[in-house]
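Novice: Sequence:
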Amino acid sequence: MSGISKKAVIELSKKGSRLFRSGQLEAAEKVYLEAKAIDADNPYVLSGLGDVYRKLNRF
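Reading the sequence shown from the start, the letters are residues 14 to 72 in the working numbering.
Derived from the structure by calculation, the hints contain no laboratory data. For clarity, every value in this text was computed on a predicted model and none was experimentally measured. Glycine is no exception: its CB is placed at the ideal position from the N, C-alpha and C atoms. One should not assume that every hint holds.
What the hints assert, rightly or not - Using 25 angstroms as the maximum straight-line C-alpha spacing, the simulated PhoX-like pairs for lysine-lysine come out as follows:
id : residue 1 : residue 2
1  : K43       : K20
2  : K19       : K49
3  : K27       : K68
4  : K28       : K49
5  : K49       : K68
6  : K19       : K43
7  : K68       : K28
8  : K49       : K27
9  : K68       : K43
Unchecked claim - Derived CB-CB ranges, DEER-like:
id : residue 1 : residue 2 : range
10 : I17       : F72       : 31 to 41 angstroms
11 : R71       : G16       : 30 to 40 angstroms
12 : A50       : R71       : 30 to 40 angstroms
13 : I17       : N70       : 33 to 43 angstroms
14 : S60       : E39       : 10 to 20 angstroms
Taking the hints into account, I'd like the entire structure generated from these sequences.
Specialist: Quick look at the structure:
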């Protein structure tokens, strides 16, 4: 993964976290899925997406 892609994943993960904390769960899901498309194995992205799905009761 390039440095640009890695930075994009970090920024998207931070954005997803902010959206999650503010209760914007669907928006957070979209952002995390965008990050996952770049780096499908990123633990922060997967954890954040899991948090969203848990809050939405989508297991």
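Novice: Each of the hints needs a verdict: does it hold here or not?
Specialist: The hints, checked one at a time:
Using a Cα cut-off of 25 angstroms, the hinted pair K43 and K20 holds, with the two alpha carbons roughly 18 angstroms apart. Between the alpha carbons of K19 and K49 the distance comes to roughly 11 angstroms, so the proposed pair stays at or under 25 angstroms and holds. Taking the CA atoms of K27 and K68, the gap is about 18 angstroms. The hint holds against a cut of 25 angstroms. For the suggested pair K28 and K49, the alpha carbons sit about 13 angstroms apart, so the restraint of at most 25 angstroms is met.
About 19 angstroms separates the Cα atoms of K49 and K68, which keeps this hinted pair within 25 angstroms; it holds. As the CA atoms of K19 and K43 are separated by approximately 18 angstroms, the hinted pair is consistent with the 25 angstroms bound. A C-alpha spacing of about 17 angstroms is found between K68 and K28, which places the hinted pair at or below 25 angstroms, so the restraint holds. At roughly 13 angstroms between alpha-carbon atoms, K49 and K27 fall within 25 angstroms of each other, so this suggested pair holds.
At roughly 15 angstroms between alpha-carbon atoms, K68 and K43 fall within 25 angstroms of each other, so this suggested pair holds. About 34 angstroms separates the C-beta atoms of I17 and F72, a value consistent with the hinted range of 31 to 41 angstroms. Look at R71 against G16: about 33 angstroms separates their beta carbons, and that is inside 30 to 40 angstroms. For A50 and R71, the Cβ-Cβ distance of about 19 angstroms falls outside the hinted range of 30 to 40 angstroms, so the restraint is violated.
One distance hint, 33 to 43 angstroms for the beta-carbon pair I17 and N70, holds here, with the actual separation near 36 angstroms. Range check, S60 to E39: about 18 angstroms between beta-carbon atoms, so the 10 to 20 angstroms window is met.
Hint check: a violation occurs at hint 12 only; the rest are consistent with the structure.
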